[in-house]
Every structure is written in structure tokens, then in C-alpha cells.
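*Asks:* Below, each chain spelled out in residue letters.
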Amino acid sequence: MDLKTLTYIVVGATFALYLGIAFWARAGSTGEFYVAGGGIHPIANGMATGADWMSAASFISMAGLIAYNGYGASLFLMGWTGGYVLLAMLLAPYLRKFGKFTVPEFIGDRFYSNTARIVAVICLILASITYVIGQMKGVGVAFSRFLEVDYDTGLYIGMALVFFYATLGGMKGITYTQIAQYVVLIFAYTIPAMFISMNLTGNPLPQLGLGSTMADGSGMTLLAKLNLVVTELGFKEYTTQTMAGRFDMFVYTMSLMIGTAGLPHVIVRFFTVPKVSDARSSAGWALVFIAILYTTAPAVGAMARLNLHATIQTGEIGSPEGNLSYEARPQWFKNWEKTGLLKFEDKNGDGRIQYYNDANPEMAKKAEAFGWKGNEMVKVDRDIIVLANPEIAKLPHWVIALVAAGGLAAALSTAAGLLLAISSAISHDLLKGVFMKGISEKSELRAGRISMAGAIVVAGYLGLNPPGFAAGTVAIAFGLAGASIFPALMLGIFYKRMNKEGAIAGMIAGISVTMLYVFQHKGILFIKGTEFLGDLGPNWFLGIQPNAFGAIGALVNFGVAIMVAKMTTEPPQHIQDLVESIRTPRGAGGATH
Amino acid sequence: MEKPQGSGDAYWRATLGLLTTVLIIWFVVSFGFGIILQPMLDSIMLGGYPLGFWFAQQGSIYIFVALIFYYAHRMGQIDREHDVHED
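Chains as they are written, first to last, in my numbering: chain R, -7 to 585; chain X, 32 to 118.
Hints are computed from structural coordinates only; laboratory data are not their basis. Glycine is no exception: its CB is placed at the ideal position from the N, C-alpha and C atoms. Hints may be right or wrong, so weigh each one.
Claimed, not checked - Some, not all, of what chain X presents toward chain R, calculated at C-beta under 10 Å:
hint, residue
1, 61
2, 75
3, 87
4, 98
5, 100
6, 102
7, 112
8, 116
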């Protein structure tokens, strides 16, 4: 069977599964719509959290980032997993005990202020919308590459699917489809990795393969071989290279950790389990399911890099026969050239492909002696690494079809989780909480569905017309969550003396500092030409890149909040009692409004 | 900020004690071994992995998982010792 038919069958089957689950898990009450009735088993919730958390970025982009940044990309691995330790210990059990539906609701109640609640809603919506655009783009790209429909059509199919199961089932429908999506995406990710690890090292477990000896009889370890291959071509040594220095790596890792712990669509997942103790263990299960992918990713990245260079540099460097002739390039090379994500330019006109680091002066000198006229792989988009990996390793067609279904599952599951966070912020926090307090449960449920539909349309529109700043917005999502929501929640639980003045001042200060830093380097509202400092290493404060600034914003938030709280009156007695009550597990009922 | 305000509550002190222990390990394996000490640890090999690199790309993640389950288990014990557990 040809690849296209097979892909249609596999993707179609997974979609039918999601729709079937959605129909079975319809939501009948606001409790089911917002928190799945609070009755999800901690292991099931962990799996759903895994799918919710692992987006198109984790599935498609991360291994590519690792392949090109080597050791430096460890900050994504540690940052996006270490946040769960913070979440499990500092937030999840206490928010579960609090027993409400949304994150802004906690902030509003704990700081006895609708202003605080609205500030939190704004942070949540900004963070979630910027994040969801990326997912929509992921859906469009995966469809257009694998089903050969155009990007727009792919996006419409994705929107229709999410619309159906998210509005029908709310959190309940989303949770059960996410469990199915987790299973699809984890198989899609690990199976090709196992094949490739087996081929290269003889060890089928990628986590061990990455630390094994090459099976080519050279007796070298895989990492030593990779270091040798890349340094010979003038690239930085794989196991020691950093992205922007060690201090930046430290701060960046911290930003991703607190950003992870502060992202509302992840936090709200811990409102769905029956007990406080379940919220603790469920975070552990979530991390188990995430770790399966995150410990495989470094192997995928390293092995893909090795395979790619081996494909192109077939013989000794500098010998005329050492480079792959363009005519003899493999089929996957041609396929990806069509998408424009892979580009070759025969600079020295010898009909062969030279792929090396021409920005390295030492290597450029050597290359000149070989008659090379610059790096000829003018574009190798990092995002193709995972998608092209099974083709590079010549794996069977069904594996490639599975990867397509996996990429779609990752993007759809995260999009649904984000859309729910947005719609509940609108229907529960803004309508029910602030503007229409008397609304009945039935009307609120309807409002929830309508705002969900509205959020999907907005996300779809932004996916079709991605704003110029889309690429820079992930920094904002993590920056906002890390610099505003995380400190506010943590202080609300661990510092009884924290009052509304402190919390509001802290959130605003944290966001402002983070946004200003990003804008000063990337342009005000990301508009090119309005940046007053170029986005270059020497201009960065202490060498910290804008994407990594959330941790500094959080520090400012903590500092300002505590200072202001000390200068103003302490919170009323009933709030201090509330804090006492959320600190002890006994008496946690189901989540209620 | 992690000091309880004027409460001599033994349960809360035990909770904060556990949090501190777990957070120290969390910090040491990732920021310590994986980032700050990576150049030094890389001279030691773990199979085919330089040790610092292993902590950064594999080890810290395994330890994070273990830490959360250890925390959940110890918290369960602390809840029961202070009679605040759920029924």
C-alpha cells in the first residue's frame, strides 16, 4: 500500500477513536465541563496531563533543537520536566484542596479581590492564546506534509475535530481523548527511535543506546563518534556546546521550570482528581509519562544528527569522493526539498553536497583548500528532524504514517487543553464570577460551550493568519506564567501575610519587567524596527536571552509583592483561616464553584 | 517566604522540612550536576555518557520522577502522623 493511503487510514482511525470517545463522555454539568466531575483516577489524569503538556513543540521541534544545540538544549529537557517537581509540591495539592474550578478563581478568592482575579484572567488568556497559535500551526503543517492537502484545509479539519469533542465533552471529553492521544503519540515517538537506536548501537532502548558503543565496529561510543563527526566539520563539540553560556542556561532552565508550574492549562488538570493525595501522586504519574518521551528525545536528536552527516559526508573530508553527489540524494531529501524546509545550493559547482560550518574561520580556511565555496545545505529546518527521521532510517511505511498521527495527536491534545482554560476563564471567571453573578448552572454551561467555540474560531483565525510575532510569543507565554501566575499562587499558599495589594503589585511588576525586556530586544509588540537594543548577546542583561527572562520577572514579582505586603495592612482573618484550611488535606470535597 | 507566620503548627513545619529536602536534591541534580558542575563531572564516564551530560539529559529527569513519588509517599505519612489525612 502506498504511503498516502496508509497515512489516511491510520490518521482516520485515530480521529474516529477521538470522536467516539467524545460522544461517550459528554458533559452534563458545569462540574463535568470544567473539571471532569473531579473523579479522574490519578494515573489516568497523569496520562492526560502528559498529552496536554506535550505539544507540537515537544513532539516535533524539541529533538531538532537538541540535534543542533547538543548539551545546550538540555535546558529544555530539565526545564520542561523539573517544573513538575515544583507543581507537585508547591501548588497542586493545595489548589486541589481549595476545590474550585479555575486558577483565576483561586487568585480572586485568596486575595479577596476581583481586580486580582481579572489581572489573572488577562495573564491566562494572553499566555494561552499565544500558545494555541503554535498548536494550530502544527496541525496545519502536519496535515499539509502527510495528507498532501493544503495548510488551510488541514487547519479547518483540525478545528472541526477539536470543536466537536471539546464543546461536547468539556474537560471530561478532553481528558478521555487526551488519554487516547497520549497512547498514539508515545508509540509514534518511541517506535522509530527504537529502530534507529537498534541500527546504530544494537541496543533497542534509546535511553541506553545514546550511551552505548557504535555497532559499526569502530569501538567508539556514539557520543564520542558524534563529537568527532561534528567537530571535523567545524561545528561545536556536541556534548559541551551551550546556546548562550552557562549562566544563561541556568536562568533559562529556571524560567522554563517556573513557567511550566504556572501554566493554567496544566494546573487545572490537578483539579480533576478525587483527593489531595491523588493530586500529589498524579503529578508524579504525569512526569513518568512525559519522561518516556523526554528521555527518548536526546537519543532521537543525537542519532538524527549522526545519520544526517553520515548521509551527506559519505567518505573522508576533503577527498573529492567524500561527499554525496546531489544526483544520488535519497528520496526523503527530495520530499523535504519540495516543502522548502531543506535547501541545497551547489556553490562550488561540483555536483556534490558539502555540509559544514563555514562560520568557523579555521574550518573555512581548510574548506577553501578542498575547493569548497561555503556550506551548501543552506537550509536545514530543525523541525523536520522528527518527521523525517523514520524516512532517513528507511523504516517501513506504517511507522511513517504513525508519526503523522502522533504529531497531530500532540498538537490537538494541547490545543484542546488550552482552549478549555481560555473558555473557563471567560464563562466562569468573567461571567459567573464578576459580571453575571446570578447565572444558572445551565446557562453557565451553555456560556462555557459558546466561549469554547469562540476561542476555537479566534485560534483558527490566528492559525490561518499567523501574526508576524508568532515565533517570539512562546517567550511571552512562559514569561507571563512564570513571572505572574506562579509567584502569586506560591505566595498565596506559603505566605499567609500576603495581601491583595502585594499580590496585584507583584503580578503587574513581574509581567512588566519581563515584557519590557522582551520588547526592548525584539521590538515593541514584536514590531520590527521598534526595538531599542538589538537582539544580540552583548546587549543582553548579564547575557540572558529574552526567552529566558521569566525567572528574573518572577524574582521581581516576589520582591515587590513582599515589600508592598509588609507596608500595607494584613489580610482579614477569614482569609488567614482559608490559608490554614488549604494547607491541610482533610475535608477536601469535590471541586465546586 | 517559606516560614509560617506565627504558627507553631507541627504539621506545617514537617511539610516545609520535607519540601526543603526535596528542593535541595531537585536543585543539586539539575542546576548543580547538570549545569554548574557539568564540565567537572564530564571527566567521569557512565558507560558511554560523560556524567555531567548524562545528568543534564537523562539523570535529572529520572530523579525528578523519583522525588515526586517520594514526596507523595512521605506526605501521606506526615498527614497520618498529624491526623489531618483524608478519609
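*Asks:* Compare the structure with each hint and give your call.
*Replies:* Verification of the hints:
Interface restraint check for residue 61(X): the shortest CB-CB distance to chain R comes to about 5 Å, inside 10 Å, so the restraint holds. For the restraint placing residue 75(X) at the interface with chain R, the shortest Cβ-Cβ distance is roughly 13 Å, beyond the 10 Å limit, so the hint is violated. Taking 10 Å as the C-beta cut-off, the interface hint given for residue 87(X) holds, the closest approach to chain R being about 4 Å. Given hint, residue 98(X) at the interface with chain R, holds; its Cβ is 6 Å from that chain's nearest Cβ, closer than 10 Å.
For residue 100(X), the shortest C-beta to C-beta distance to chain R is roughly 5 Å, which falls under 10 Å, so the interface hint holds. Evaluation of the residue 102(X) hint against chain R yields a held restraint, the C-beta minimum of about 6 Å falling below 10 Å. The restraint placing residue 112(X) at the interface with chain R is violated, with a minimum CB-CB distance near 13 Å, outside the 10 Å limit. Annotation: interface hint on residue 116(X) holds; nearest CB of chain R at approximately 6 Å, less than 10 Å.
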